[in-house]
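Q: Please build the complete structure, drawing on both the sequences and the hints.
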Amino acid sequence: MSSASIVLAVAVFLASAVEMVEALTIVAAVGVTRGWRSALEGVGVAIVVLAVLVAALGPALVHFVPLGALRIVIGAVLLVFGLQWLRKAVLRASGYKAKHDEDAIFAKQVSLLSAEGPEPQRRARDTTAFTVAFKGVFLEGLEVVIIVLTLGSTAHNLGLAAVAAGAAVVVVGGIGAVVARQLAGVPENALKTAVGLMLVSFGTFWSGEGLGIHWPGSDLTIPVLVGLYGLATWLLVAGLRRSRTRTAEASLA
Amino acid sequence: MPEQAGDASLVRRSLVAFGRFWWDFLVGDTPELFVGMLVVVGVVVLLVHLGARDAAIGVAPALVIALLVGSSLRGRQGA
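Quick note, the sequences are listed as chains D and L, same order.
Mapping to this note's numbering: the first sequence position 242 is 242, numbers consecutive.
When you read off a place in the second sequence, starting at 1, and then add 253, the result is the number in this note's numbering.
Please note that the accuracy of each hint is not assured.
The following label-pair restraints were derived from C-beta to C-beta distances [unchecked claim]:
no., chain 1, residue 1, chain 2, residue 2, range
1, L, Gly272, D, Arg241, 36 to 42 Å
2, L, Leu291, D, Val163, 31 to 37 Å
3, L, Asp260, D, Arg241, 21 to 27 Å
The set of hints was computed from the structure by calculation and includes no laboratory data.
Please read all numbers here as calculations on a predicted model, not as lab measurements.
Ideal Cβ positions, reconstructed from N, Cα and C, are used throughout, including at glycine.
A: Structure below.
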């Protein structure tokens, strides 16, 4: 397996895991409040719709769009998307933005769903539970679909990307089934930083290659870019933390 | 006729929703990242066109890092 394939699999797995944690928080809130049957039906339908999207759009991208153009466009999209993730992770790590609090999201969902009224009769489908679980999984999953399609089709390895995403769904789903309401323990910001670094690295590599850059060492450039961007991110977080501490001290003095 | 008008309206709404999804996805509340990406691509195109491919190898990641720093500083001010 080449270094690019390894980074591709890790990037898709981590991105899917992060989105799965967010979706799982919503599903757990629905299941606990309204019952698991309709919540799991919503999850099942959302996963089928997302899988159909990948199956329909993936091969079309790979077979009908020229690789050079695909790499420029997808590289640019990944660059923007990855930088958005990385920026958010930097601001959270340096204390300028509140960390994603799964416990708070869980509590908010539970109170919203409790206010919706009583659960329907045992055998009837709970439309509220179904809809909220479907929307939660579908919307979070849509980002995973975009990552699977962009990374998988550009690397001509859609199968590996889909398997990595599927593995994340199984692993996070399994862990979620055990811990259910303790999702706040997941180091989400660290995962988000890792995914952001990989997306930005892939974005730089592919858009550059599509535009005519010949990277030294070819695919080996990707881990080098991950390291370079990782170092820059670490320095940026350290600098922002110091600046925040100095501002807080100055306001106290 | 009313059926055709309904179809046209559905198509228009779908297109608007599709456009809004991509706008939120790529631009959202960080337009500087989208504009910055266009600048990075533009500079690389220029360097490759001028025959400075080797320079582009260093310039592209440097511009991406500058973009991350600039956008994070902007985010800090808004926090």
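Q: Of all the hints given earlier, name the ones this structure violates by number, lowest first.
A: Of the numbered hints given earlier, the structure breaks just one, which is hint 3.
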